[in-house]
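If you read the sequences in order, they're chains A and B.
Mapping of the first sequence onto our numbering: position 235 corresponds to residue 235, and the numbering continues sequentially without gaps.
Each number in our numbering corresponds to the 1-based position in the second sequence with 1000 added.
If you are wondering where the hints come from, they were derived from the structure by calculation, not from laboratory data.
Check before you lean on any hint, since a few could be wrong.
Here are the in silico distance ranges between beta carbons for each label pair [stated by the list, open to error]:
{"no.": "1", "chain 1": "B", "residue 1": "L1313", "chain 2": "A", "residue 2": "A192", "range": "51 to 61 Å"}
{"no.": "2", "chain 1": "A", "residue 1": "R205", "chain 2": "B", "residue 2": "L1313", "range": "45 to 55 Å"}
{"no.": "3", "chain 1": "A", "residue 1": "L185", "chain 2": "B", "residue 2": "E1303", "range": "56 to 66 Å"}
{"no.": "4", "chain 1": "B", "residue 1": "R1212", "chain 2": "A", "residue 2": "A216", "range": "29 to 39 Å"}
{"no.": "5", "chain 1": "A", "residue 1": "V44", "chain 2": "B", "residue 2": "G1155", "range": "38 to 48 Å"}
Reference excerpt, derived from the structure (chain A facing chain B, CB under 10 Å, subset only) [claimed, not checked]:
{"no.": "6", "residue": "G158"}
{"no.": "7", "residue": "G162"}
{"no.": "8", "residue": "A192"}
{"no.": "9", "residue": "A193"}
{"no.": "10", "residue": "L196"}
{"no.": "11", "residue": "A267"}
{"no.": "12", "residue": "G304"}
{"no.": "13", "residue": "W309"}
{"no.": "14", "residue": "A313"}
{"no.": "15", "residue": "G323"}
{"no.": "16", "residue": "E326"}
Using N, Cα and C, we set each Cβ at its ideal position, and we do this for glycine too.
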Amino acid sequence: MSAARVPSPPEAQRAAGRPLARRFSLDLVLRYYIQLLLVVAVVVLGAIDENFRSPDNLENILLQASFTGIGAAGMTLLIIAGAFDLSVAGILGTCGIALALVAAAGHDGLAVGVALALGAGLGLVNGLAVTKMKIPAFIATLGLMNVYLGLAFIATRGQVIGIESEALRFAGTEAVLGFLPIPFLVMLLVYAACALVLEKTVFGRQVRAVGSSGPAALAAGLPVDRVRIACFVIVGLCTAIAGVLLSGELSSANAIMASGYELGAIAVAVVGGTSLQGGSGTLFGSFTGALFFAVINNALNIFGVGAYWQYVASGLLLVSAVGVQELRTYVREGN
Amino acid sequence: MNAASSSGGEGRRSGAASSVRFLQYFESFGVLLLLVLVVLVASTVARGFFTYTNITNTIIIASITAVTGFGMTFAIAMGGFDLSVGSVQALTAIASAMLLEVTSVPLAILGALVLGVALGALNGTLVSRLRMPAFVATFGMMSIVRGVALLVTRGQSVMITGRPGYAALNNGKVLAVPVPFIIVLVVFAFLYVLLRHTPFGRHACAIGGNRRAAIATGIHIETTTVLVFALVGLTAAVSGVMLSSQLLIVDGTLGTGFELQTIAISVLGGTSLAGGSGNLLGTLIASLLLATISSALNILKVEAFYQYLYLGLLLVLALYLDTLRRTFIANSILRRR
Chain A
1 MSAARVPSPP
11 EAQRAAGRPL
21 ARRFSLDLVL
31 RYYIQLLLVV
41 AVVVLGAIDE
51 NFRSPDNLEN
61 ILLQASFTGI
71 GAAGMTLLII
81 AGAFDLSVAG
91 ILGTCGIALA
101 LVAAAGHDGL
111 AVGVALALGA
121 GLGLVNGLAV
131 TKMKIPAFIA
141 TLGLMNVYLG
151 LAFIATRGQV
161 IGIESEALRF
171 AGTEAVLGFL
181 PIPFLVMLLV
191 YAACALVLEK
201 TVFGRQVRAV
211 GSSGPAALAA
221 GLPVDRVRIA
231 CFVIVGLCTA
241 IAGVLLSGEL
251 SSANAIMASG
261 YELGAIAVAV
271 VGGTSLQGGS
281 GTLFGSFTGA
291 LFFAVINNAL
301 NIFGVGAYWQ
311 YVASGLLLVS
321 AVGVQELRTY
331 VREGN
Chain B
1001 MNAASSSGGE
1011 GRRSGAASSV
1021 RFLQYFESFG
1031 VLLLLVLVVL
1041 VASTVARGFF
1051 TYTNITNTII
1061 IASITAVTGF
1071 GMTFAIAMGG
1081 FDLSVGSVQA
1091 LTAIASAMLL
1101 EVTSVPLAIL
1111 GALVLGVALG
1121 ALNGTLVSRL
1131 RMPAFVATFG
1141 MMSIVRGVAL
1151 LVTRGQSVMI
1161 TGRPGYAALN
1171 NGKVLAVPVP
1181 FIIVLVVFAF
1191 LYVLLRHTPF
1201 GRHACAIGGN
1211 RRAAIATGIH
1221 IETTTVLVFA
1231 LVGLTAAVSG
1241 VMLSSQLLIV
1251 DGTLGTGFEL
1261 QTIAISVLGG
1271 TSLAGGSGNL
1281 LGTLIASLLL
1291 ATISSALNIL
1301 KVEAFYQYLY
1311 LGLLLVLALY
1321 LDTLRRTFIA
1331 NSILRRR
């Protein structure tokens, strides 16, 4: 594989012969390690467990991947822009409740519209708090998560709100061709849209520029604040989409329906290779990361390991993914 | 800028320094003023607020938050923070409760504290040796430790029975002063001296004030970082022990949102998230402020849901004031030059 790359003369001199090839292959493995891990995990699990390879279970994995995955798409853009959002669990709960309350009045389309607009609005609040009030992103969004959760609790008095609508339930559970759940199709669309925005538009290049160096982007005359605010709005919107689908699947909504969602979304992005330093990352990586997490959680369930292990697993994956990124930097710069 | 004000002897630069110093006084006394105001309002509005029992309870609740708040203040002064304190509090509370089933009170407490130090040191190692951002390392640890806390209890509660000596850590009194408050004062005194009057404390502030300068001065960044995080773990464990002696029944869900409270009281108390200095007295006063507001809201029968709202808004407000203060200090220094 390394033959495809022509090393520049000084590089070739520095690491003549086989060490060079070894370094490139190591670099390649480190670059695509999450895709490799996913393939290995699926092949191994499919070989040793017949429950795992059943069509129902595969549909289940795709469904589970899509709820976290949709939020992680927006989170990936935001992390590339050099910020992150810990309030998504609050946004998701609030949007789910708004959906359930409006849907109870019998307007499905309006309910979805309200939920999405609310998600975008709360994202805007986050963006303004971080850029205009100049509060560090992690702590501003941590505080605002409590505000959103509080609002959601107050709106429902802590109760679970049921959803009667057939259409919403259909959107959350039904599968096309027998194994492609609708949420997964929505996830594909969201990732395609975000990838298009990131790779093919001026805004996408601005996102990377702002994330790799805020001061440099500012000096170059880029609208740094506006780019970050837009990313926060995108995160709010993606989270609201996930909230609509999740409420549909559960046929209900409550304030804490997504506790821990922020950890999941950030872990998916980071495991997928998005750097927390900002500036670099891909949606393809996050997409694979979401599938990988769903496979691991599914395997933990199948082997009867309790739900509590999932806390440990996602924490360990997050920490080790950052470790792999450090290793990658070390391999590139070191030696 | 923070380093200059914390070293104290720079007063001769008049103008800028004096307005900065005024702001520093205001930081401590601003939150104290707010506390007095809230106590006055609560005493008039909420019947039964100004009773010995309620004041004692409020102080006990404030004490449990303040102990970890001190550790957090230390970490923030170093330019870091620890999101795993809630999970560590839960796990150490459980550890102490489980150890009490097989061993004596002092050994159980010791075990819990050692566990807290070990978890904190692990955080510190991830941050310093593996160069992870403090946010992501402690965020991951928050999830891992929470999972372990739920696993070892299998999601059940652990009871502490027949241990009057342990319960006395919470309900005991020395000359009418609740024991938890005495613990807080001891921890405060210890950490105050550590932060202000030892090389270790000055190194921590130096790292937070200007990391590169600290490296250039030859400060052992890695060792100091590990030690500071171990200290945070220790204070989380102390509050875990205090909490379990108060509740006498513990489970894996204890301490959710605790990281938010401890960061909030540090920042409210005047410790800037920019790093470089820590205001432990402010943290203590802010913990009393938070506990007083909660207790008044409880007496007024405001639903628990609203407490999320006010804690979140209070945190955002405190952070906004922190931003304004930093801008003000930067501007006044620029102007006087």
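Do the hints match the structure? See the list:
Checked against the hint of 51 to 61 Å, the pair B/L1313 and A/A192 fails, with Cβ atoms roughly 38 Å apart. Separated by about 37 Å at the C-beta atoms, A/R205 and B/L1313 break the suggested range of 45 to 55 Å. Hint check: A/L185 to B/E1303, Cβ distance near 40 Å, so the stated range 56 to 66 Å is violated. Separated by about 19 Å at the C-beta atoms, B/R1212 and A/A216 break the suggested range of 29 to 39 Å.
As the Cβ distance of A/V44 to B/G1155 is approximately 29 Å, the hint placing it in 38 to 48 Å is violated. Look at A/G158: its Cβ gets to within about 6 Å of chain B, closer than 10 Å, so that hint holds up. Proximity of A/G162 to chain B is violated relative to the hint, the smallest CB-CB distance being about 20 Å (cut-off 10 Å). Among the interface hints, the one on A/A192 is violated; its C-beta lies about 28 Å from the nearest C-beta in chain B, farther than the 10 Å criterion.
Nearest Cβ of chain B to the Cβ of A/A193: about 27 Å, over the 10 Å cut. The hint is violated. Here the hint on A/L196 is broken, as its CB sits about 28 Å from the closest CB of chain B, past 10 Å. Annotation: A/A267 was flagged as interfacial toward chain B, and the flag holds, the nearest CB pair being 8 Å apart, inside 10 Å. Hint on A/G304 is violated. Least Cβ distance to chain B is approximately 14 Å, over the 10 Å limit.
Taking 10 Å as the C-beta contact cut-off toward chain B, the hint placing A/W309 at the interface holds, the least distance being around 6 Å. For the restraint placing A/A313 at the interface with chain B, the shortest Cβ-Cβ distance is roughly 8 Å, inside the 10 Å limit, so the hint holds. Interface hint status for A/G323: upheld, as the beta-carbon distance to the closest one in chain B is roughly 6 Å, under 10 Å. The interface hint given for A/E326 is met, as the beta carbon of that residue sits about 6 Å from the closest beta carbon of chain B, less than 10 Å.
Violated hints, in rising order: 1, 2, 3, 4, 5, 7, 8, 9, 10 and 12; the structure is consistent with all others.
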